[in-house]
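Participant: Now for the letters of each chain:
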Amino acid sequence: MTGAELTIDLLAKHGVNEVFGYPGGAIMPIYDALYGAPVKHYLTRHEQGAGFAAVGFARSTGKLGVCFATSGPGATNLITALADAMMDSVPLLAITGQVPTAAIGSDAFQEVDVLGMSLSCTKHSYMVERAEDLAEILQEAMHLAQSGRPGPVLVDIPKDIQMAQVPFKPWLAADEYLPELDLAQVAIANQLLHDAKQPVAYIGGGVQAANAQNELMQFLTKTQMPAVSTLKALGSVMPQYEYDLGMLGMHGGQAANIAVQECDVLVCIGARFDDRVTGNLAKFAAKAKIIHLDIDAAEVGKRKSAQASLIADLKTSLPALDGVLTPTQWREHNKAMMLKHAWRYDYPGEKVFAPYLLNQLSQRMPQTGVVCCDVGQHQMWVAQHMKFNHPSNHLSSGGAGTMGFGLPAAIGAQVARPNDFVITVSGDGSIMMNIQELATIRRNNLPVKILILDNQRLGMVRQWQELFFDGRYSETNLSDNPDFVQLAGVFGIPGQTITKATEVDDAITALVNSEGPYILHACIDDKENVWPLVPPGAANDEMMTEKA
Amino acid sequence: MKHNLTIALKSQSIAIERFLRVVRHRGFELHNLQLTMVNDQYHVEMSVDSDKPIYLLTTQLSKLIDVKDVIVNDKQHTAVAI
Ligand SMILES: Cc1ncc(C[n+]2csc(CCOP(=O)(O)OP(=O)(O)O)c2C)c(N)n1
Ligand SMILES: [Mg+2]
Chain X
0 MTGAELTIDL LAKHGVNEVF GYPGGAIMPI YDALYGAPVK HYLTRHEQGA GFAAVGFARS
60 TGKLGVCFAT SGPGATNLIT ALADAMMDSV PLLAITGQVP TAAIGSDAFQ EVDVLGMSLS
120 CTKHSYMVER AEDLAEILQE AMHLAQSGRP GPVLVDIPKD IQMAQVPFKP WLAADEYLPE
180 LDLAQVAIAN QLLHDAKQPV AYIGGGVQAA NAQNELMQFL TKTQMPAVST LKALGSVMPQ
240 YEYDLGMLGM HGGQAANIAV QECDVLVCIG ARFDDRVTGN LAKFAAKAKI IHLDIDAAEV
300 GKRKSAQASL IADLKTSLPA LDGVLTPTQW REHNKAMMLK HAWRYDYPGE KVFAPYLLNQ
360 LSQRMPQTGV VCCDVGQHQM WVAQHMKFNH PSNHLSSGGA GTMGFGLPAA IGAQVARPND
420 FVITVSGDGS IMMNIQELAT IRRNNLPVKI LILDNQRLGM VRQWQELFFD GRYSETNLSD
480 NPDFVQLAGV FGIPGQTITK ATEVDDAITA LVNSEGPYIL HACIDDKENV WPLVPPGAAN
540 DEMMTEKA
Chain F
0 MKHNLTIALK SQSIAIERFL RVVRHRGFEL HNLQLTMVND QYHVEMSVDS DKPIYLLTTQ
60 LSKLIDVKDV IVNDKQHTAV AI
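Taken in sequence, the protein lines are chains X and F. Mapped onto numbering that gives the first Met the number 0, the consecutive letters of the first sequence carry residue numbers 0 to 547. Mapped onto numbering that gives the first Met the number 0, the consecutive letters of the second sequence carry residue numbers 0 to 81.
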């Protein structure tokens, strides 16, 4: 068996039936081995598209996402997706072709030191130096991407090794060191829970990574503790939970942010006190004792020190917490705050109001559907105004905030979940960053829906220019964009443009009922802002809100 | 504050690059570095300086797949293996 054949064979043996990629010289033997193989390859139109499709595949299923690229520019085009997967702890395997071993270090055609480039954007990476190591490396790579705190792993395979005869060596998972729960810390945590008068659960992406939604809901159901979520956690807390305060942080809800500022115990469950969450860190949850649950010891005490740290798989650590019932007064107070600060959808203008549109879409699309966001104001509106019942139904580029994420991530999600409703919610800026992937949708007849919230602006940047740069609108005007419905039409994708509030309901009906791919181009006010907003340097209870 | 660390690494040059990148990126200045190959592993003696507490570095280093062992040898610390 050649190295290339072994690569495809191992993927198939590990249940990888779909991969995303783009061929080129240094990876041709692997593409040759793909020809007629049981592993289905989806050709994207840019390697970044392949990387994000693999991310979408992984995030919408919890399974390993796999992408291929050739050496040099192929591999560099993957880097953004690797960085994104690193920030958001996504199990991803990237396989890149490399120039033949003998040519490495000679500045050969399409030679880039991919291993060197990978260091800051992968959990681990390899360049295969000897044919006999290939089998072991690939198996270890697949394992590492998914074990412990998941992340992207890159395997760079020189062309001669792809062509060489290689032995198969079974590799027995020498597990990454995973910590055992420290019972002394559990005791401290439980004492804090018993003493707490105003506890809050702060939920992060770790819940999805650990597949611990059940354990989380058991903990919340017993404690009735008010819960706030990070962008990545949305969907982890079931929408019917009475004390779900929604997203916290820079564009979080007021009830969520105020609860955290007032709490006396903060139970951080698989989150990392990211700066977009905390605002001014010194003032974040300043009165609270922290109980930190995470599988990654390096996250505990990184930004905020914890009084109790449970470093373990959430499936183990969550059930170790006592189900102390939260005092009624605090629960009722938070419920009242939720009502007081509830989102409002009564909008005076005649234009399309994005929050209303998204809220309606959320109510009318299937509950099992997947929403893949791009980055900007529309992304924050999705987080604020749509409800999810599982984090694998809301894919949003969190840590990296990568524009161009949405469309290819939706392709990956649709491939992974062919029978589910998949929609990308994008902006007029973001959609253009991977617009070429419309061709991938068409080639594979994927029924991906596309909603573009078009403010003719790089809206999020424009908002900051308005608020913090004296209205000097430097390079944020996109009013010369092409007609998106016409553009999609060229790729055989039907759709419509709407401009008025009165058109929204029918447009959602058309979108939700469309059989194949469909684009809804919604023109919105270019001056609309995302509220509330915690300005830079401020504490989370110093939110700016819309001027009346 | 200055800290002395002993680290055992997989004996591949990429392992050195990987761990040195983390030292720099996490905000620790390298003052001394000695590298010896012992029994198929790199044995590293290193001193670093930073305003940050040393656990912020050791927890990050311990996560690296190539890093087999990290020990802080400061007098004021009891040696901790992570
Ligand atoms: C790759 C990349 N480049 C630049 C940015 C900075 N950025 C953040 S939001 C934004 C504007 C996005 O515009 P659009 O997609 O139209 O969304 P809107 O905010 O208008 O809803 C920009 C430029 C980014 N996040 N990612
Ligand atoms: Mg826009």
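Honestly, the hints are just simulated from the structure, not real lab data. None of the values given here were measured: they were computed from a predicted structure. Be a bit skeptical, because a hint or two may be false.
Claimed, not checked - Simulated pairs of lysine to aspartate or glutamate, EDC-like, Cα-Cα distance not exceeding 20 Å: (1) F:LYS51 - X:ASP274; (2) F:LYS9 - X:GLU128; (3) X:LYS12 - X:ASP106; (4) X:LYS301 - F:GLU28; (5) X:LYS526 - X:ASP479; (6) X:LYS39 - X:ASP112; (7) F:LYS9 - X:ASP132; (8) F:LYS62 - X:ASP295; (9) X:LYS282 - X:ASP31; (10) X:LYS286 - X:ASP274; (11) F:LYS62 - X:GLU139; (12) X:LYS168 - X:GLU131; (13) F:LYS1 - F:GLU44; (14) X:LYS386 - X:ASP419; (15) F:LYS9 - X:GLU139; (16) F:LYS67 - X:GLU139; (17) X:LYS12 - X:ASP31; (18) X:LYS301 - F:ASP50; (19) F:LYS67 - X:ASP469; (20) F:LYS62 - X:ASP181; (21) F:LYS51 - X:ASP479; (22) F:LYS67 - F:GLU44; (23) F:LYS62 - X:GLU179; (24) X:LYS386 - X:GLU241; (25) X:LYS339 - X:ASP540; (26) X:LYS196 - X:ASP321; (27) X:LYS303 - F:ASP50; (28) X:LYS301 - F:ASP48; (29) F:LYS9 - X:GLU135; (30) F:LYS9 - X:ASP181; (31) X:LYS546 - X:ASP479; (32) F:LYS67 - X:ASP419; (33) X:LYS286 - X:GLU135; (34) X:LYS526 - X:ASP469; (35) X:LYS62 - X:ASP419; (36) X:LYS196 - X:GLU241; (37) F:LYS62 - F:GLU16; (38) F:LYS67 - X:GLU135.
Participant: A separate judgement is required for each hint: does it hold in the structure or not?
Facilitator: Evaluated hints:
At roughly 18 Å between alpha-carbon atoms, LYS51 of chain F and ASP274 of chain X fall within 20 Å of each other, so this suggested pair holds. Restraint check: the Cα-Cα separation between LYS9 of chain F and GLU128 of chain X comes to about 15 Å, which is no more than 20 Å; the hinted pair holds. Under the criterion of a C-alpha separation no larger than 20 Å, the hint pairing LYS12 of chain X with ASP106 of chain X is inconsistent with the structure, at around 36 Å. Distance hint between LYS301 of chain X and GLU28 of chain F is fulfilled; the C-alpha atoms sit about 18 Å from each other, no more than 20 Å.
Of the supplied pair hints, the one linking LYS526 of chain X and ASP479 of chain X holds, its CA atoms being roughly 17 Å apart against a limit of 20 Å. For the hint pairing LYS39 of chain X with ASP112 of chain X, the CA-to-CA distance comes to about 29 Å; that exceeds 20 Å, so the pair is violated. Distance hint between LYS9 of chain F and ASP132 of chain X is fulfilled; the C-alpha atoms sit about 15 Å from each other, no more than 20 Å. A hinted pair counts as satisfied when its Cα atoms are at most 20 Å apart, and LYS62 of chain F with ASP295 of chain X qualifies at roughly 8 Å.
Our distance criterion of 20 Å between C-alpha atoms is broken by LYS282 of chain X and ASP31 of chain X, whose separation comes to about 57 Å. For a cut-off of 20 Å, the pair hint linking LYS286 of chain X to ASP274 of chain X stands: about 18 Å separates their Cα positions. For the proposed pair LYS62 of chain F and GLU139 of chain X, the alpha carbon gap of about 16 Å is at most 20 Å, so the pair holds. For the hint pairing LYS168 of chain X with GLU131 of chain X, the CA-to-CA distance comes to about 8 Å; that is within 20 Å, so the pair holds.
The hinted pair formed by LYS1 of chain F and GLU44 of chain F meets the criterion: a straight-line CA distance of about 13 Å does not exceed 20 Å. The straight-line distance between the Cα atoms of LYS386 of chain X and ASP419 of chain X is roughly 16 Å, inside the 20 Å bound, and the hint therefore holds. Note on LYS9 of chain F and GLU139 of chain X: the hinted pairing holds, with a Cα-Cα distance of about 15 Å set against a maximum of 20 Å. For the given pair, LYS67 of chain F sits about 16 Å from GLU139 of chain X by alpha-carbon distance, which is consistent with the 20 Å threshold.
Taking the CA atoms of LYS12 of chain X and ASP31 of chain X, the gap is about 18 Å. The hint holds against a cut of 20 Å. Taking the CA atoms of LYS301 of chain X and ASP50 of chain F, the gap is about 14 Å. The hint holds against a cut of 20 Å. Proximity of LYS67 of chain F to ASP469 of chain X is assessed by CA-CA distance (about 53 Å); at most 20 Å being required, the pair is judged violated. For the hint pairing LYS62 of chain F with ASP181 of chain X, the CA-to-CA distance comes to about 19 Å; that is within 20 Å, so the pair holds.
Under the criterion of a C-alpha separation no larger than 20 Å, the hint pairing LYS51 of chain F with ASP479 of chain X is inconsistent with the structure, at around 49 Å. For a cut-off of 20 Å, the pair hint linking LYS67 of chain F to GLU44 of chain F stands: about 14 Å separates their Cα positions. A distance of roughly 15 Å separates the Cα atoms of LYS62 of chain F and GLU179 of chain X; the hinted pair therefore holds under the 20 Å criterion. A C-alpha spacing of about 14 Å is found between LYS386 of chain X and GLU241 of chain X, which places the hinted pair at or below 20 Å, so the restraint holds.
Of the supplied pair hints, the one linking LYS339 of chain X and ASP540 of chain X holds, its CA atoms being roughly 15 Å apart against a limit of 20 Å. Among the hinted pairs, LYS196 of chain X with ASP321 of chain X is consistent with the structure: their alpha-carbon atoms are about 15 Å apart, no more than 20 Å. Distance check on the hinted pair: LYS303 of chain X and ASP50 of chain F sit about 16 Å apart at the alpha-carbon level, within 20 Å; holds. Proximity of LYS301 of chain X to ASP48 of chain F is assessed by CA-CA distance (about 18 Å); at most 20 Å being required, the pair is judged to hold.
Taken as a hint, the LYS9 of chain F and GLU135 of chain X pair is honoured in the structure, with Cα atoms around 16 Å apart against an allowance of 20 Å. Among the hinted pairs, LYS9 of chain F with ASP181 of chain X is inconsistent with the structure: their alpha-carbon atoms are about 29 Å apart, more than 20 Å. For a cut-off of 20 Å, the pair hint linking LYS546 of chain X to ASP479 of chain X is broken: about 30 Å separates their Cα positions. In summary, the hint linking LYS67 of chain F to ASP419 of chain X is not supported, as the alpha carbons are separated by about 44 Å, beyond the 20 Å threshold.
Our distance criterion of 20 Å between C-alpha atoms is broken by LYS286 of chain X and GLU135 of chain X, whose separation comes to about 50 Å. The straight-line distance between the Cα atoms of LYS526 of chain X and ASP469 of chain X is roughly 15 Å, inside the 20 Å bound, and the hint therefore holds. Restraint check: the Cα-Cα separation between LYS62 of chain X and ASP419 of chain X comes to about 16 Å, which is no more than 20 Å; the hinted pair holds. About 18 Å separates the Cα atoms of LYS196 of chain X and GLU241 of chain X, which keeps this hinted pair within 20 Å; it holds.
Our distance criterion of 20 Å between C-alpha atoms is met by LYS62 of chain F and GLU16 of chain F, whose separation comes to about 15 Å. Restraint check for LYS67 of chain F and GLU135 of chain X: the C-alpha separation of about 19 Å stays at or below 20 Å, so the hint holds.
Consistency with the previously given hints fails for numbers 3, 6, 9, 19, 21, 30, 31, 32, 33, ordered from lowest to highest.
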